[in-house]
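Chains Z and L are the protein sequences, given in the same order.
Heads up: the first sequence runs through residues 1 to 52, numbered per my numbering.
Heads up: the second sequence runs through residues 1001 to 1730, numbered per my numbering.
Derived from the structure by calculation, the hints contain no laboratory data.
This one's a predicted model, so the numbers in the text were calculated from it and none came from an experiment.
Treat the hints with caution; some may be incorrect.
Claimed, not checked - Calculated cross-link-like contacts (lysine-lysine; reagent style DSSO-like; alpha-carbon spacing at most 30 Å):
| # | chain 1 | residue 1 | chain 2 | residue 2 |
| --- | --- | --- | --- | --- |
| 1 | L | K1213 | Z | K44 |
| 2 | L | K1213 | L | K1175 |
| 3 | Z | K44 | L | K1426 |
| 4 | L | K1576 | Z | K44 |
| 5 | L | K1681 | L | K1576 |
| 6 | L | K1430 | L | K1213 |
| 7 | L | K1175 | L | K1576 |
| 8 | L | K1213 | L | K1435 |
| 9 | L | K1430 | L | K1388 |
Stated by the list, open to error - These stretches of chain Z come out as covered by chain L in the derived footprint (C-beta under 8 Å, 3 or more residues):
| # | segment |
| --- | --- |
| 10 | 2-12 |
| 11 | 17-27 |
Each residue gets a CB set at the ideal place from its N, CA and C atoms; glycine is no exception.
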Amino acid sequence: MQILTVLIPVSLFLGFIGLVAFIWAMRTRQFDDPQGDASRILTKEYDDKPAP
Amino acid sequence: MAYDAPADLSSGISACPACVAAPSAQRLAALQRPETARLILSLPTAHCAACMATVEGALKAHPGVHSARVNLTLKRVSVEAEAEVTAAQLADVLERVGYEAHELDAGLLSMTETDRQGREILMRLGVAFFSMMNIMLLSVAVWSGAEAATRDMFHWISALIAIPTVAFVGQPFFKSAWRALRVGRLGMDVPISLALILASSISLYETMHSGEKAYFDAAVMLAFFLLLGRYLDHRSRALARSAAEELAALEVPRAIVLQDGQEFLRPIAQVAKGDLVLVRPGGRMPVDGVVVQGTSEVDRGLLTGESLPAFAGPGLAVSAGEVNLTGPLTLRVTAAGRDSSLHRMADLVAVAESARNRYTTLAERAARIYSPLVHILSFSAFAFWLWKTGGDVRFAVNISAAVLIITCPCALGLAVPAVVTAASGKLFRKGVLIKNGTALERLAEVDVVVFDKTGTLTLGTPTPCNLESVSAQDQSVALALAKASSHPLAMALAGQISGAPAAVTDLREVPGYGIEGQLHGQTVRLGRAGWAGVEGLAQTATYLAITGQAPVAFTFTDQIRPGAEAAIAGLTLQGKRIKLVSGDTEAAVRAFAARVGIADWVAGALPAEKAAIVRGLADQGHKVLMVGDGLNDTAALAAAHVSISPAQALDAARVASDIVLLGRDLAAIADATRIARQATKRMVENFQISAAYNVIAVPLALMGAATPLAAALAMSLSSITVSLNALRLR
């Protein structure tokens, strides 16, 4: 049972990382166009590394 | 052209001056900004990855454009470009690659883009989800038999997570419950808040006294599912609202005012009675007025439904909303802004709107039964157990809290929003925008569909229909003349006649009459009947007169809007009665009705008569769907049970309707009525499902046999079933 004192904080911490990631994603407006983002992965044009 | 910055914009432009003043100011500021500009265009037909790539590629290839990004969810593209790039150019570029595009007003839209309320709910939803999952982890341990100190520790950790969560996440419910209580009402949010607070505090009390039952998981789960319903609700509303504003952003109300021989571009609010206003060919009359100078033809289609342009010369009274076709007109303003006929019509609409808002939705009816019932149940459980146990308050409160949690309106809160989201999402992808929250339910009840003709079932663009009966020689002369004019009939002729134009010289347009030229020393004319020297026909036509020959008539029919026949066939198949009510002449309406297969038609209807027809049908117990686009339809649109207008319709008509078609295609109307019927069916099913869960769970809770596990199961199962049921919409 002693292991619980480690595992519970660990599980909470991991969950918390998820929450922070969610809040970050929301703040940077990554939920503004879910449909477009879903389709965008299908295009061959990469906008972060433009073709030379 | 000089542009004088307005000192005061806070009156007259829109029904709500406060909302409009700020964006207008921004808009004007944006107009004067010299560097890069941000343009937003609406893309009603974009739907896939290839569309995005094509649109973005085409726009980026246009000189002066720095970047373009499509938002597929909102069906918009935002473009960063040099100041000289105009939205009209970009719309042309997109038209060429096959996409319909409309300019939008960036100033108006910036208000909705930062959707703060939506993000706030989303944030709470994320926090609730995080807490729910963590507490559930601990609760599963408790349910599977954690004892004594371990159970207490798990309860304490749960409390530590749950209580701040409920305090943060529950705020929207607490606030709205408080508002409801202050005016002495019991909304849905009162039992919800009560359940949240009671469940948290009773669980905390139990935890402190090493009790067995703690409802932290239930409390947080309740908050999560309800927030989910609220978020869905908010999203479909926000989408509709932003798209509605998008439509409002399509027309920027300005007028060219003449002062001491100089032209000033001014907002309509600053135009006063008695001013002189210039209206260029192709422009829409911004005010009511009397023509003092110039001759032209005016298209009154949007106001009266007439498809034939009318002659305009000095002394003629024109109303705001009419389109000037051929020559510049100078008007003496008789009424502007608030007083113009356009605005009076819009005011009429506002009156009818408030009547429509009295419609009670399924959700409201459900809430009306639900709220008191839950309170009575919970309170009588408390009273009964207090009496039965001889004053054990702790036990009695526990039972009444369990009742509140189990009867939780999770499923009720999700039942309608989930269906509305699924349905409006589906319709939005088909280019149908639901503007009003209750429109879907009202649409489902429709049994009679009333169509307007000009601009609704037709595109309002004429096509020549008797070219084969005109000799090639006459055609080539007509082509040469037609090419010189921007009149809609001339443009239609020029587009349809093939072959080389005749060598007509000295072309000159006589505004209001037609085009004149010289062919082998003879005068040739293309234009109005009287001017060409013939008696006019009953239908839309233009006349070619060559000296020494009998004049030739080119007749036109209005092009049927794509999907009109499909929509009519679809609606007939669904068993709906179809009626055509038009302001156009009897001959034109009769011919058209025969073409699209409508047996029941009325011609020459004035705006008031249209509304009376709709009201008459309503009095007979019919639920009427009105489809129209013009000012002459607004009263009928507002009087109907539910109304639809195309995006190209006049502002007032769009405001008056509940549903707007974003694309050109009408076929979506039949889909809309079918999906609306299905959606209402799903809503009712969802209510039945959640009622069924309650019928099983509530007796258990009343008997005191409900465990936290049972509560969690009932809650999540009912919520998931109603969401899945909503997704069954096809």
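Each hint tested on the structure:
no., hint, result
1, K1213/L / K44/Z, "violated, 56 Å"
2, K1213/L / K1175/L, "holds, 28 Å"
3, K44/Z / K1426/L, "holds, 27 Å"
4, K1576/L / K44/Z, "violated, 47 Å"
5, K1681/L / K1576/L, "holds, 18 Å"
6, K1430/L / K1213/L, "violated, 50 Å"
7, K1175/L / K1576/L, "violated, 44 Å"
8, K1213/L / K1435/L, "violated, 46 Å"
9, K1430/L / K1388/L, "violated, 60 Å"
10, 2-12, "holds (count 4)"
11, 17-27, "holds (count 5)"
Violated hints, listed in ascending order, are 1, 4, 6, 7, 8 and 9; each of the other numbered hints is respected by the structure.
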